[in-house]
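S.K.: Next come the chains, spelled out residue by residue.
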Amino acid sequence: AQSVTQLDSHVSVSEGTPVLLRCNYSSSYSPSLFWYVQHPNKGLQLLLKYTSAATLVKGINGFEAEFKKSETSFHLTKPSAHMSDAAEYFCVTNTGFQKLVFGTGTRLLVSP
Amino acid sequence: NAGVTQTPKFRVLKTGQSMTLLCAQDMNHEYMYWYRQDPGMGLRLIHYSVGEGTTAKGEVPDGYNVSRLKKQNFLLGLESAAPSQTSVYFCASSSTVSEAFFGQGTRLTVV
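Heads up: the protein sequence lines correspond to chains S and D, in order. Residue numbers for the first sequence follow the numbering used here, beginning at 194 and rising by one. Residue numbers for the second sequence follow the numbering used here, beginning at 863 and rising by one.
What the hints contain is simulated information worked out from the structure, not anything from laboratory work. Careful, some of the hints might be misleading.
What the hints assert, rightly or not - The following label-pair restraints were derived from C-beta to C-beta distances:
| # | chain 1 | residue 1 | chain 2 | residue 2 | range |
| --- | --- | --- | --- | --- | --- |
| 1 | S | L249 | D | S960 | 16 to 24 Å |
| 2 | S | A194 | D | V959 | 19 to 27 Å |
| 3 | S | T265 | D | A918 | 22 to 30 Å |
| 4 | S | E257 | D | V973 | 38 to 46 Å |
| 5 | S | E208 | D | P901 | 22 to 30 Å |
Being a predicted model, the structure only gives us computed values, none of them experimental. Note that beta-carbon positions come from the ideal geometry of N, C-alpha and C, so glycine has one too.
All chains should be built: construct the whole structure from the sequences, respecting the hints.
M.R.: Shown next, in the form of structure tokens:
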């Protein structure tokens, strides 16, 4: 069965430093993978998605993720963190009928 | 452009009471979903629908019922609320070619 594992429950960075949020996936075939962001008391917003085209996927707000089949990873990165990036991030895959399977989330803390 | 709208946004129930959460989407999406979000557990699928008149169980369906009488609406019912159902509930919709769009959530507390 398809699943995703987010390796860190919390990540702390300073403003202006790089962000790395880690996600590994498990799938018997080429998966669709997504990163969603949730700001406090808000709904979920799609950051980016991988659907077997280019392995390096660019998303909104300067985020990008690289699909690495050999490592079964789909890590989310951003070169320079901004205070507004503080939020919870979910790595997600989908199964039949577009059902989404969520990781447990990574809370990103950004300090001045 | 409303997208996905959930009502109500907040609700407090007493144990044993019933309620219905309404989800409405205006994107003509075939698929609709109900998820619950609990700390440290991500979002878990309760029930979903692949079209008008259809429903199916997700990962955590016990204690909930759903109906999709119209394509644009997906209702989630709690017949007899329990404290374990205290959670934030999210509705989402998608098509075969789009990503999922989420509502703003309903924060439910059962006391």
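S.K.: If you test the structure against every hint from before, which numbers come out violated?
M.R.: none
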